[in-house]
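Sequence order for the protein chains is A and B.
First residue of the first sequence: 1, per this note's numbering; consecutive thereafter.
First residue of the second sequence: 1, per this note's numbering; consecutive thereafter.
Simulated from the structure, these hints should not be mistaken for laboratory data.
The structure presented is a predicted model; accordingly, all values stated were derived computationally and were not measured.
Incorrect hints may appear among the rest.
To be verified - Estimated spans, in silico, between C-beta atoms of each pair:
1. B:D155 <-> A:Q83: 32 to 42 Å
2. B:L165 <-> A:Q8: 39 to 49 Å
3. B:L165 <-> A:K21: 16 to 26 Å
4. A:T26 <-> B:A64: 31 to 41 Å
5. B:A52 <-> A:R132: 30 to 40 Å
6. B:L165 <-> A:G67: 33 to 43 Å
7. A:T22 <-> B:H50: 44 to 54 Å
8. B:D155 <-> A:R132: 14 to 24 Å
9. B:R8 <-> A:A133: 51 to 61 Å
10. B:G51 <-> A:K21: 50 to 60 Å
Glycine included, every Cβ here is placed at the ideal spot set by N, Cα and C.
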Amino acid sequence: MNYTQITQKVNELKQTQGFEKTFDFTREFVAKAGTADTFAIPLPTEGPYHQKGYNIMFTKNSSKTRGGNTESICAVKIRFRSQADNAAQSNDYIPVQLISTPGAEDASRYGSRPFSHLYPAGDVILIDYDNRAPAALVAGDAYQMEDEKISICICGDLYPGINLQ
Amino acid sequence: MVKTLSERLGAFLTGLKEGRAIPDKVAQLEAVRTYKRVRNRDYIFKIELHGAGDIVRVVNTTAAGWLFIITGAAVEFEGLESNRFPRVSVKFPMFSPDSPFDSEPKNLETVPAGLVFGREGVPGLHFEEQKNLFYVLGETFTIAAEALNDTPVNDIRGTLVLTGLELDLRNTGV
Chain A
1 MNYTQITQKV NELKQTQGFE KTFDFTREFV AKAGTADTFA IPLPTEGPYH
51 QKGYNIMFTK NSSKTRGGNT ESICAVKIRF RSQADNAAQS NDYIPVQLIS
101 TPGAEDASRY GSRPFSHLYP AGDVILIDYD NRAPAALVAG DAYQMEDEKI
151 SICICGDLYP GINLQ
Chain B
1 MVKTLSERLG AFLTGLKEGR AIPDKVAQLE AVRTYKRVRN RDYIFKIELH
51 GAGDIVRVVN TTAAGWLFII TGAAVEFEGL ESNRFPRVSV KFPMFSPDSP
101 FDSEPKNLET VPAGLVFGRE GVPGLHFEEQ KNLFYVLGET FTIAAEALND
151 TPVNDIRGTL VLTGLELDLR NTGV
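Construct all of the structure, not just a fragment, from the sequences and the given hints.
Written out as structure tokens, the structure reads:
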């Protein structure tokens, strides 16, 4: 094929095949120590976005001390919302350590966690996060909260030109 | 002989010619709307047990009009004295009187969390796939946790995440 033939072939494929395209993206935010806030991710306006899954990585800068033993932790909790319908996909804040796979920075990965949700075109994914110290379980427990960097890779398909209304 | 970029790209494109055709507009819309009616959702439950025999119950209400089907659960415990998995039982005394799939009350046996979720000596997060454990349609349901009699004296905190699918049954006559 020469260049002209290749261009024609690409146009032909574009006109005759598929109506969705893969769209993966990664966003990062810093959950400030002792605070709760919201991180917004605007989605493309081309069409609805079907989120199929996500991966999370996080730092473990915070620590918990019990009985003289100190361990590094990440106590950040998050929940997803859609700005369009404002419906929480999680009814409560879920610890990132529970829903990441396995999550720790530089840890080996074994795929994203399946999580399906359809967002209308131009919607905004709102991630509420909370990096405040958990209530102590045992008297004497001490938490040292630090800023944590959360990286989320969201994967899914985009449907250009589809109007859900 | 080394192939040119055009030759390699052309061969690749030729291999794509039998790809899936674009569905018509009606089929496209229907396909995407299907995704709109099915979504994942997590519910979280936190329990604290203080001493042997302690029982706590957590109550939750699912989204009205959405059928919730559990597909998996993850649990994490802290406050362990050692690497022993806690002798904690988790019970799903589930009933789903409004469920279109099961009109009879459904009670499951109490099972030690260590048997369901974990391996001895490996505390922390564990995930277990559940097969259609129960269905909830905008209902309140209760999960009970009980510290078995040989539970260590440590206070134990458990975080239980139920993962599942929600189906939109609004305006469907169900």
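- That 16 to 26 Å hint for L165 (chain B) and K21 (chain A) (C-beta), does it hold up? holds, 25 Å
- Message: Taking 30 to 40 Å as the stated bounds, is the beta-carbon spacing between A52 (chain B) and R132 (chain A) within them?
- Response: holds, 31 Å
- Message: Given a hint of 51 to 61 Å, does the C-beta separation of R8 (chain B) and A133 (chain A) actually sit inside it?
- Response: With Cβ atoms ~57 Å apart, the hint holds.
- Message: Can you tell me whether the CB distance of T26 (chain A) to A64 (chain B) sits inside 31 to 41 Å?
- Response: holds, 34 Å
- Starting from the hint 44 to 54 Å, judge whether the C-beta atoms of T22 (chain A) and H50 (chain B) obey it. Holds, at about 49 Å.
- Return holds or violated for the Cβ distance of G51 (chain B) and K21 (chain A) against the range 50 to 60 Å. For K21 (chain A) against G51 (chain B), whose Cβ atoms are near 57 Å apart, the range 50 to 60 Å holds.
- D155 (chain B) paired with Q83 (chain A), Cβ distance criterion 32 to 42 Å: Roughly 40 Å apart at Cβ, these two residues keep to the hinted range, so it holds.
- Message: Given a hint of 39 to 49 Å, does the C-beta separation of L165 (chain B) and Q8 (chain A) actually sit inside it?
- Response: holds, 43 Å
- Honestly, do L165 (chain B) and G67 (chain A) meet the 33 to 43 Å range at C-beta? Holds, at about 42 Å.
- Task: With 14 to 24 Å as the target window, see if D155 (chain B) and R132 (chain A) comply at their CB atoms.
- Result: holds, 21 Å
When held up to the earlier numbered hints, the structure conflicts with none and fits them all.
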